[in-house]
Amino acid sequence: MIRFDEVTKTYSRKARPALEGVSLEILKGEFVFLVGASGSGKSTVIRMVLREESPTEGEVHVLGQRLKALPSRRVPFFRRNLGVVFQDFRLLNNKTVYENVAFTLQVIGKSRGFISEAVPDVLRTVGLAGKASRLPHELSGGEQQRVAIARAVVNRPPILLADEPTGNLDPSTSAGIMALLARINEGGTTVVMATHEASIVNEMQKRVVELEAGVVMRDEASGSYRRQLAVHAEEEMA
Amino acid sequence: MRLQLIAQEVWNGLRRNLSVVVSVVLVTFISLSFVGAAILLQLQINQMKGFWYDRAQVGIYFCGPVDATETCTQTAATPDQVQAVRDTLSSGAIAPYVADVQFEDRQLAYQNFMSQFGGTASAEFASPDTMNEALWVRPTSPQDADLIREATSAMPGVLEVRDQRALLEPIFQVLNTASLAAIGIAVLMLVAAVLLISTTIRLSAFSRKRELGIMRLVGASNRFIQTPFIIEGVVAALVGAVLAAGSVVAVVHFFLQGYVAPMLQTIAIVNLDDALLVAPVLIGIGVLFAGVAAAVAIRRYLKI
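Here the protein sequences come in this chain order: A and B. Under our numbering, residues 25 to 262 are what the first sequence spells out, in order. Under our numbering, residues 2 to 305 are what the second sequence spells out, in order.
Just chain A, same shape as in the assembly (with noise of 0.2 Å):
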């Protein structure tokens, strides 16, 4: 699904890379943590399987495309691939929720019927089937970000990335979005989320790809946020 082979990205401004011979592989299905302190690079790696940002050094792969091969002209239509929840949310503020929800699948041009079935479905699915038609000032944090993955989801992408999703929400709204994410890529969604909140990422028990400093310092199966204290005491005997 997305493949990163010995990925370098360096700022011409910047001294230090803010990637550094990333290599990942991540498949379908898989629920994958991105997780690290803040400039580690984990908004680099969700910038680069978007193409918002092309590697110096190294290939990334998405769905069986070789991205520095994509033409820009073919990147909107690549991005119809990915669904993409921010922290921020990113909503449109004078629009309805539906309207938000139906926007997206307006402007990749689909067609009336599909669009008056599939927001009410997606509404449905993340829990705001009775709030369509309110504007997103009168919602909460955790009722936007619902819209904003709603709108992620709409055209059911292969793919869902979250660049920390829940970094604005509160703990108990958090769970309810976690276990939104976690419904999703149940249906087959691979998700991949950049967080660095460690009890979402210990509740959740999916993998965990840890980066320090553009490096990726830990690939665990099914692993927790910090580094279990047995590693530590390792690494600190050798």
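No lab work stands behind these hints, which were simulated from the structure alone. C-beta atoms are modelled at their ideal positions from N, C-alpha and C, and glycine is treated no differently. Keep in mind that the hints are not guaranteed to be accurate.
[Unchecked claim] Heads up, simulated DSS-like pairs for lysine-lysine below, C-alpha to C-alpha not over 25 Å straight-line:
#1 A/K119 <-> A/K155
#2 A/K119 <-> B/K210
#3 A/K92 <-> B/K304
#4 A/K134 <-> A/K119
#5 A/K92 <-> A/K230
#6 B/K210 <-> B/K304
#7 A/K134 <-> A/K155
#8 A/K134 <-> B/K210
#9 A/K52 <-> A/K92
[Unchecked claim] Pairwise CB distance ranges (calculated):
#10 B/A179 <-> A/N118: 37 to 45 Å
#11 B/L27 <-> A/N118: 58 to 66 Å
#12 A/F101 <-> B/V288: 45 to 53 Å
Following the hints, put chain B in place on chain A, whose structure we already have.
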């Protein structure tokens, strides 16, 4: 569905930046009015050239008793010399370019002179003897005047060959300069209009930053994202262009044809047909410039 969405985006964009859109309309209106004026002036020049050149003749003046030039020896041209010039004009090489030849003797020249200048100071010294005999030649077409002049000006007894077109040149020069000035102003204004359109488009894109970000995120095609902005620029310019075209037609119909033409009946003035020819040109220029300016502006904005 998509058409409706694009139309809605265009409408929102225009409404949101109304003041800038109005200035685009005004600048386009004024610049295209100048373009229209320049084109009409050129049409006017051509029309006047056509009108006057058909009537312009070539005057071949013969030597009088006091003239001393290369071809005159202070003796009046003899009838033989006059006949030689006539023969040249009717000879095989020149004849096709000559439509008509009239001889004007001293008496006739005096009458014409007096009818024009009688009562003025110069008329007091005039007598038939001071007049020059002349041949008035009407060329087949105005451009043939040069040929006639070349063929006859060096012949003995010919004082001077004067092309009446030369007298009209200053008038055309003035009109031409005016039309060039109008074009100059039009170009400056068009540059201003183009810059204003690209600023408007960038402003419009900036105020829709959020929508644009989401559109790009969810995979709206570049063409879909850019089209509303291009249409926005074109619509604003189109309004200005239609105003300009309308005012050009109105000025020609009400001012030139309704007011000036009845006063100057000897001069053909551009008419409504000419104005209706200019109008679509103005609209075309407006739409083309605005479309290109908006397309370039939005493409550059989205790249950053």
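Hint check results:
1. A/K119 <-> A/K155: holds, 13 Å
2. A/K119 <-> B/K210: holds, 15 Å
3. A/K92 <-> B/K304: Roughly 18 Å between the alpha carbons, so the hint for A/K92 and B/K304 holds.
4. A/K134 <-> A/K119: Within the cut-off at roughly 18 Å; holds.
5. A/K92 <-> A/K230: violated, 30 Å
6. B/K210 <-> B/K304: holds, 13 Å
7. A/K134 <-> A/K155: Holds - the C-alpha atoms of A/K155 and A/K134 are around 23 Å apart, at most 25 Å.
8. A/K134 <-> B/K210: With Cα atoms ~23 Å apart, A/K134 and B/K210 stay inside 25 Å; holds.
9. A/K52 <-> A/K92: Judged against 25 Å, a Cα distance of about 21 Å means the pair holds.
10. B/A179 <-> A/N118: 37 to 45 Å: violated, 52 Å
11. B/L27 <-> A/N118: 58 to 66 Å: Distance hint for B/L27, A/N118 is violated at roughly 29 Å.
12. A/F101 <-> B/V288: 45 to 53 Å: At roughly 30 Å between Cβ atoms, B/V288 and A/F101 fall outside 45 to 53 Å, so the hint is violated.
In the structure shown, a violation is registered for the earlier hints numbered 5, 10, 11 and 12, in ascending order.
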